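Novice: Chain order of the listed sequences is P and R.
Using this note's numbering, the first residue of the first sequence is number 1, and each one after it goes up by one.
Using this note's numbering, the first residue of the second sequence is number 1, and each one after it goes up by one.
Hints in this document: simulated from the structure, not taken from any laboratory.
Please read these numbers as outputs of a predicted model, since none were measured by experiment.
We put the CB at the ideal spot given by N, CA and C, even for glycine.
Any given hint could be a false lead.
[Claimed, not checked] Think about it this way: if two alpha-carbon atoms lie no more than 30 Å apart in a straight line, the pair counts; the simulated DSS-like pairs of lysine-lysine are:
1. P:117 - R:200
2. P:157 - R:184
3. P:157 - P:43
4. P:157 - R:47
5. P:117 - R:47
6. P:117 - R:68
7. R:215 - P:130
8. P:40 - R:215
9. P:113 - R:184
10. P:157 - R:183
[To be verified] Stretch-level coverage of chain P by chain R, calculated; a stretch enters the list once three of its residues show a Cβ under 8 Å from a Cβ in chain R:
11. 22-29
12. 129-136
[Said to hold, decoys possible] Beyond 10 Å from chain P on every Cβ pair, some chain R residues (computed):
13. 21
14. 139
15. 214
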Amino acid sequence: MYDGGKILTGLIIGLGLLLSPFIYNAGKAAKAPEPELTPKAKKANECVASKSFMRAWHMQLLDEWRNEVVRDDDRYYRPREVAREMRLDKHLLDQWRHLVSDGTRHYIPKKDKVYYKSLQMTCMDCHSNKTKFCDECHNYMGVDPYCWDCHIEPEEKK
Amino acid sequence: MGLNRREFLKIAGLSALLGSGAKAAMDILAPGELEAAMETIPLTEGKRWAMVIDSHKIDDELMDKCIKACHREHNVPDLGTAKEEIKWLWKEDYEHSFPEQEHEFVSDEVKHKNFLLLCNHCTNPPCCRVCPTRATFQRDDGIVMMDLHRCIGCRFCMAACPYGSRSFNWGDPRRVTKVEKLKKLNPGFPTNHEYPTRTKGVVEKCTFCDERLAKGEPPACVEEANKIRKGALTFGDLSDPESEVRMLLKTHYSIRRKPELGTGPNIFYIV
Numbered sequence: 001m002y003d004g005g006k007i008l009t010g011l012i013i014g015l016g017l018l019l020s021p022f023i024y025n026a027g028k029a030a031k032a033p034e035p036e037l038t039p040k041a042k043k044a045n046e047c048v049a050s051k052s053f054m055r056a057w058h059m060q061l062l063d064e065w066r067n068e069v070v071r072d073d074d075r076y077y078r079p080r081e082v083a084r085e086m087r088l089d090k091h092l093l094d095q096w097r098h099l100v101s102d103g104t105r106h107y108i109p110k111k112d113k114v115y116y117k118s119l120q121m122t123c124m125d126c127h128s129n130k131t132k133f134c135d136e137c138h139n140y141m142g143v144d145p146y147c148w149d150c151h152i153e154p155e156e157k158k
Numbered sequence: 001m002g003l004n005r006r007e008f009l010k011i012a013g014l015s016a017l018l019g020s021g022a023k024a025a026m027d028i029l030a031p032g033e034l035e036a037a038m039e040t041i042p043l044t045e046g047k048r049w050a051m052v053i054d055s056h057k058i059d060d061e062l063m064d065k066c067i068k069a070c071h072r073e074h075n076v077p078d079l080g081t082a083k084e085e086i087k088w089l090w091k092e093d094y095e096h097s098f099p100e101q102e103h104e105f106v107s108d109e110v111k112h113k114n115f116l117l118l119c120n121h122c123t124n125p126p127c128c129r130v131c132p133t134r135a136t137f138q139r140d141d142g143i144v145m146m147d148l149h150r151c152i153g154c155r156f157c158m159a160a161c162p163y164g165s166r167s168f169n170w171g172d173p174r175r176v177t178k179v180e181k182l183k184k185l186n187p188g189f190p191t192n193h194e195y196p197t198r199t200k201g202v203v204e205k206c207t208f209c210d211e212r213l214a215k216g217e218p219p220a221c222v223e224e225a226n227k228i229r230k231g232a233l234t235f236g237d238l239s240d241p242e243s244e245v246r247m248l249l250k251t252h253y254s255i256r257r258k259p260e261l262g263t264g265p266n267i268f269y270i271v
C-alpha cells in the first residue's frame, strides 16, 4: 500500500470528525420537552378535547378548524355535540378511531361549553406562553409550523 | 301507444300555463326570492351581500376615515410605495373608477370627485375561476373569500380581476415593525390583535368583513361611515326586497364598475 500511513491517519481523523457529535453527547439524554401550563390553563382544567388527543392530534384539529371557519363560516366548536355525533355515527367513530390511543378524541366536558374556533383568540388565550408551551415540543421535534407567520402570538413577559 | 298530436299539444299548453303561473305565484308568496335564486349563486338563508355607496353623502375626509378603520381592523400595512401597496379599501377618481363612462364633457363635480373602491364581491367572479388551488372562492352568500392557508401566490387572480382589488405581498408585511422608515407610517402595527396579518407571497383583499358579519356586525367601513354620516355607506342583503340596499337602489339611480364585463359587481354607486 503506497502512503498507507497517510491514508490511515486521514481515515481515522475523518471517522473521528464524523463521530464527534456522538462522542460529545454520549451518555447525555436530551431533555424531554416539558410544556408548561399557564395558571389560566391550569385553572380551566379542560381543553377542547382530551389531553391525550390534543397532545397527538392538535394539528389535525387546527387544520379542521381553519377549513371550517374560512370555507364554511362555521365558527363555533361544541365538544359535547361533536361527542354525541361521534357516538351516534358508528362510521364516523370508526373513521376516527385510528387517531386516538385511548378512544377519547372527544370527551364529554363537565360544562357544555362553546368555543370560538380561533388559534389566535381561543387557544392562545389560555396558552399565552408560546415559548414555554408550543415551542417546547416543536423545538424538540425540530418542527417549524408556519402558524405564526400570520397569526399574532401573544406578548410574553420575559 | 304513446301520445297523439292532439294530446301532446294539450299537455304542452297546460304545462306552459302552469309554468308562467308558478312565477306569478312565487312573486306573490315569496317576493324577490325567485329572481335572487335565478342568479348564478345558490342562496343560503336567502343572502346576497351588497353595498351601496352614496357619492353625494361621502367626501374625501370620510373616505379616509373609512379606509383607516378598515386597515386598522385588518392589520393592513402602509408600505410607503404604490408598487407594493396593499389595497383593501382605497379611493380613485371618476375617470379611473368608471373608465367606460368617462367623456370629455362630464360635469366638473363628478370629474374631480373621488370614489371609494373595494372588492366588488362579484356574482360571477373571474378570480375564483382562475385560482388553481381554490384558495379564493365564492361563499354561498356571495362573498368572495380568500383562504390564505391555501394561497400559493401565483397571482392569476390579480390578472383576472378587472378592478385591481387584489394585492400581492412582495415581502413580509411585518417588516413595517422593523424598518425605521416604515415604523413611522404604521404606528402600533399590528393594530388588531384579534386578526392575523398576512405573510410574504400571498394575495389579499377585502373580505366584506366576514369575521364581523359572523358576529352580526356590519363591515368596519360601514360602521365607521355611519358613525359620522348616516347613509353614506349601506350594507345589506340584495335578495331581501325589503332590505335597505334594495330600497336605496329602487329609489336612486346607481352605477357599477365595468358591468359590461359580465362579472356582476355587487358594489353600487349612487351618483
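Novice: It remains to establish, for every hint, whether it holds in the given structure.
Specialist: Results of checking the hints against the structure:
Among the hinted pairs, residue 117 of chain P with residue 200 of chain R is consistent with the structure: their alpha-carbon atoms are about 24 Å apart, no more than 30 Å. Distance check on the hinted pair: residue 157 of chain P and residue 184 of chain R sit about 25 Å apart at the alpha-carbon level, within 30 Å; holds. Restraint check for residue 157 of chain P and residue 43 of chain P: the C-alpha separation of about 20 Å stays at or below 30 Å, so the hint holds. Using a Cα cut-off of 30 Å, the hinted pair residue 157 of chain P and residue 47 of chain R is violated, with the two alpha carbons roughly 45 Å apart.
Of the pairs offered as hints, the one joining residue 117 of chain P and residue 47 of chain R holds, with about 23 Å between alpha carbons and a cut-off of 30 Å not exceeded. With a CA separation close to 27 Å, the supplied pair residue 117 of chain P and residue 68 of chain R stays within the 30 Å bound. The hinted pair formed by residue 215 of chain R and residue 130 of chain P meets the criterion: a straight-line CA distance of about 28 Å does not exceed 30 Å. The suggested pairing of residue 40 of chain P with residue 215 of chain R holds, with an alpha-carbon distance near 26 Å, which does not exceed 30 Å.
Taken as a hint, the residue 113 of chain P and residue 184 of chain R pair is broken in the structure, with Cα atoms around 43 Å apart against an allowance of 30 Å. Distance restraint check for residue 157 of chain P and residue 183 of chain R: the Cα-Cα separation of roughly 23 Å lies within the 30 Å cut-off, and the hinted pair is therefore satisfied. Against chain R, the stretch 22-29 of chain P contributes 0 residues with a C-beta closer than 8 Å to a partner C-beta. That does not satisfy the three-residue criterion, and the hint is violated. As drawn, the stretch 129-136 of chain P meets chain R at 0 residues by the rule of a beta-carbon pair under 8 Å; below three, the given contact is violated.
The non-interface label for residue 21 of chain R is consistent with chain P: the shortest C-beta to C-beta separation is roughly 37 Å, beyond 10 Å. For residue 139 of chain R, the condition that its CB be more than 10 Å from all CB atoms of chain P is violated, with the nearest at approximately 7 Å. Distance to chain P contradicts residue 214 of chain R as a non-interface residue, since its nearest Cβ pair spans about 5 Å, not more than 10 Å.
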